[in-house]
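A.B. asks: Sequence:
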Amino acid sequence: MKNALRKPGLISAVLFVLAVVGLYSCSKDQSASNQPIPANQQKVSLFLSDDPGFFDKVLLDIRKVEILVDTCGDTGNDDNWSDRDRCSWGEDDHDNDRQQKDTCQVWDSLSIAPGVYDLLTLRNGADTLLANGLIPKGSIKQIRITVGDNNSLVKDSITYPLKSVSGQTKIIVRVRHGEWDEVSADNLQLWLDFDVQRSIIKTWNGKFILRPYINVFTILKMGSLSGRVTPADAFPVISVFNSNNDTLYALPWRGGEYKVRGLKVGTWDVFVNASNGYKDTTITGVEVKRGKDTKLDDIRLHK
3 MKNALRKPGL ISAVLFVLAV VGLYSCSKDQ SASNQPIPAN QQKVSLFLSD
53 DPGFFDKVLL DIRKVEILVD TCGDTGNDDN WSDRDRCSWG EDDHDNDRQQ
103 KDTCQVWDSL SIAPGVYDLL TLRNGADTLL ANGLIPKGSI KQIRITVGDN
153 NSLVKDSITY PLKSVSGQTK IIVRVRHGEW DEVSADNLQL WLDFDVQRSI
203 IKTWNGKFIL RPYINVFTIL KMGSLSGRVT PADAFPVISV FNSNNDTLYA
253 LPWRGGEYKV RGLKVGTWDV FVNASNGYKD TTITGVEVKR GKDTKLDDIR
303 LHK
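Residue numbers for the sequence shown follow this note's numbering, so the first one is 3 and each next one is one higher.
Pairwise CB distance ranges, derived in the manner of DEER restraints: (1) Arg86 to Thr284: 25 to 31 Å; (2) Asp300 to Asn207: 40 to 46 Å; (3) Gly279 to Gly169: 44 to 50 Å; (4) Ser168 to Leu298: 39 to 45 Å; (5) His304 to Asp76: 55 to 61 Å; (6) Gln37 to Val267: 32 to 38 Å; (7) Pro233 to Asn152: 36 to 42 Å; (8) Lys139 to Leu298: 38 to 44 Å; (9) Cys106 to Lys172: 19 to 25 Å; (10) Pro163 to Lys139: 40 to 46 Å; (11) Arg256 to Lys281: 16 to 22 Å.
Source of the hints: derived by calculation from the structure; they are not laboratory data. All figures in this text were calculated on a predicted structure; none of them were measured in a lab. The C-beta atom is built at its ideal place from N, Cα and C for all residues, glycine as well.
Produce the complete structure using the sequences and hints provided.
C.D. replies: Have a look at this one:
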């Protein structure tokens, strides 16, 4: 997950104080989590989180979530696309033609709480259950998210409409067979990390365009790091990067708490970019372990 905001010398934006979105608990068949999964089916849970951007709010109107399953279990095309091509608007016509001819390819809908989600509340380890339910057993190929018309962002207390360039309303997220957390047999979960900073484009005339960029991560296979940085008036931006130039970042809450999830196992560096006369600081050689949260010592910035 790359992001240009990790570069030292970046001027931090004003820190936002946001309410956390309530967790939605929903189930396609009203079955509780401890109920057995029927034969030839699998349970899927999708969580929504945010890689933050410098806005007051980013409001996304989510109406429907569907899953494309290959019921024959084919995983042969998993590596035929790059991470750059993971997310797009609409559908590929070639894929549509192939799916219509291939009886193994099945679209099925998940249960959701449709409505407007403020993505910027879903940072520093916060998330919400976006969709879940039972689908046919097989290899999951795509996630299709239908968005409504009530999309907008707020910047400097001004509200701007947020639309795709061509007016399309379906976001396609491609996924690989091995990218899911397997909580138990046929019980899968995945986190969709909506990269706000890369998903919103400001045009020459001051308007904003939504070009979705969504990463995926898991809790059991990947790691995280967390900590606290003060004072708040330093407006710190936390950047976490490794030798492969993978980068994630965080905007701490008012109390200084931050958390970065979806980190590959290995060694990472942490750069704290400060403003308002405070000095930047860097922590190197932070070890991230599979399924673990690495807690860093509190950081106190100084002028």
